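> Since chain C is already given, all that's left is putting chain F on it; use the hints.
2 protein chains.
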Amino acid sequence: MDRPATPTPFRNATEREQERATKRDAVLRAAVRMFNQRGYHTTSLDDVAASLGISKPLIYHYLGTKDQVLFECLRRGLDRLRQAAVEAAGLPGPGLERLKVFLRRYGEVIMDDFGRCVIRTGDEALAPESRARFRALKREIDQALRRFVQEAADDGSASISDVKLTSFAFVGALSWSARWQEPEGALAASEIAARIVDILIRGIEPQV
Amino acid sequence: MDRPATPTPFRNATEREQERATKRDAVLRAAVRMFNQRGYHTTSLDDVAASLGISKPLIYHYLGTKDQVLFECLRRGLDRLRQAAVEAAGLPGPGLERLKVFLRRYGEVIMDDFGRCVIRTGDEALAPESRARFRALKREIDQALRRFVQEAADDGSASISDVKLTSFAFVGALSWSARWQEPEGALAASEIAARIVDILIRGIEPQV
Numbered sequence: 114m115d116r117p118a119t120p121t122p123f124r125n126a127t128e129r130e131q132e133r134a135t136k137r138d139a140v141l142r143a144a145v146r147m148f149n150q151r152g153y154h155t156t157s158l159d160d161v162a163a164s165l166g167i168s169k170p171l172i173y174h175y176l177g178t179k180d181q182v183l184f185e186c187l188r189r190g191l192d193r194l195r196q197a198a199v200e201a202a203g204l205p206g207p208g209l210e211r212l213k214v215f216l217r218r219y220g221e222v223i224m225d226d227f228g229r230c231v232i233r234t235g236d237e238a239l240a241p242e243s244r245a246r247f248r249a250l251k252r253e254i255d256q257a258l259r260r261f262v263q264e265a266a267d268d269g270s271a272s273i274s275d276v277k278l279t280s281f282a283f284v285g286a287l288s289w290s291a292r293w294q295e296p297e298g299a300l301a302a303s304e305i306a307a308r309i310v311d312i313l314i315r316g317i318e319p320q321v
Numbered sequence: 114m115d116r117p118a119t120p121t122p123f124r125n126a127t128e129r130e131q132e133r134a135t136k137r138d139a140v141l142r143a144a145v146r147m148f149n150q151r152g153y154h155t156t157s158l159d160d161v162a163a164s165l166g167i168s169k170p171l172i173y174h175y176l177g178t179k180d181q182v183l184f185e186c187l188r189r190g191l192d193r194l195r196q197a198a199v200e201a202a203g204l205p206g207p208g209l210e211r212l213k214v215f216l217r218r219y220g221e222v223i224m225d226d227f228g229r230c231v232i233r234t235g236d237e238a239l240a241p242e243s244r245a246r247f248r249a250l251k252r253e254i255d256q257a258l259r260r261f262v263q264e265a266a267d268d269g270s271a272s273i274s275d276v277k278l279t280s281f282a283f284v285g286a287l288s289w290s291a292r293w294q295e296p297e298g299a300l301a302a303s304e305i306a307a308r309i310v311d312i313l314i315r316g317i318e319p320q321v
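Sequence order for the protein chains is C and F.
Note that this note's numbering has the first sequence beginning at 114, numbered continuously upward.
Note that this note's numbering has the second sequence beginning at 114, numbered continuously upward.
Here chain C stands alone, though its shape is the one from the complex (with noise of 0.2 Å):
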């Protein structure tokens, strides 16, 4: 019999856990909307607890080292920006298709809190080890836009003579947005990564 046929105050194992997970979400959520806000070099992982009302070995109990907890929030970031590829990637229809619905997404992840820490915060923050597998995590995401810009140009949905330079030029224009964009302002991250998609994708249209 798995569970007691009374009221417990004790929790099972799967209940500990889900707890433990809405634990360490708020503690990232709090600190990548500092690390986004004032920098991550003037954060301490005692800002992040004071803002919190916990202390800071309860972040360490959850999370780990302050290099840690940069390396998971930008790893959540990185993981939402390979989610929008692999569902990019699924869809039917021309490249050029795929190609804008990735590149909608994409900027709206790097608009969102954990994209934002992506583009804000450089990679020399981490140490070396953590710096070295969000590298390999990075080029995943660069490898999968160089992939829909190529497909749109082989597939002819798109008129493009430098693949790379293009997909450096498109990636730039929307992480960019990460640096300007204020997430109170008067239009919705959806909304100007859709407007900005629109004004790349003008310039590599078929011209008929």
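Incorrect hints may appear among the rest.
One copy or two, either will do: identical chains are not told apart, so a pair holds if it fits within one copy or between any two.
[Stated by the list, open to error] The calculated SDA-like cross-link candidates involving lysine to any residue, where the alpha carbons are at most 20 Å apart (straight line), are:
no., residue 1, residue 2
1, K277, E264
2, K136, S157
3, K136, K277
4, K277, I314
5, K277, Q294
Simulated from the structure, these hints should not be mistaken for lab results.
If you're wondering where the values come from, they're calculated on a predicted model, not measured in any experiment.
Then chain F, alone, in the frame of chain C:
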């Protein structure tokens, strides 16, 4: 009579000022390269001094604190961008041509040492007072770009529906090159800048 008729081992005021400027310049070049390569926070003035075979107090003597060294690096980068805006604004012809010239030069500066620092080192690194000065200088560049885009839209040499987002997208596409481009890469910075500008401009050329 301004100068002694016979050779003298003592330098006059002009020579002393020139020597001082040359030394400040050498310190700034060494510092900016380290900031760009390792990151500002992980570089100490001791590292910069060691790379020049001098002592840290000599850096204080010529330039002041680490914050002041960074501010001076950033100011040089921004000066070059402002110079680019002044030069482009003085050119004849349609607005699109001035925009192209400015964007190309912007890309070149941003891939050079001091310009790269403007992009790589976020302004969170600066002390509050230097940060306010940096942001005021940076705003001038943003406004200059906005004007070039607006003028190209107004005189019909470009087809632009959203001046603000087009400006942000273009500056982002070029600024990103300060992150990925390597000074020893296969293509020269000027060639990369020219190609990215071609990609961007194609999207705003009036469609006939």
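> Now tell me, hint by hint, if it's right for this structure.
Structure-based check of each hint:
Taking the closest pair of Cα atoms, K277 and E264 come within 20 Å of each other only inside a single copy of the chain (13 Å); across copies the shortest separation is 30 Å, beyond that limit. Taking identical chains as interchangeable, the C-alpha atoms of K136 and S157 lie at most 20 Å apart only when both belong to the same chain, with a minimum of 18 Å there against 37 Å between chains. For a Cα distance limit of 20 Å, the shortest separation of K136 from K277 qualifies neither inside one copy, at 41 Å, nor across copies, at 40 Å. Both within a single protomer and between protomers do K277 and I314 lie at most 20 Å apart by alpha-carbon distance, with minima of 15 Å and 17 Å respectively.
Within a single copy, K277 and Q294 get their C-alpha atoms only as close as 26 Å, which misses the 20 Å cut-off; across copies the closest is 12 Å, which meets it.
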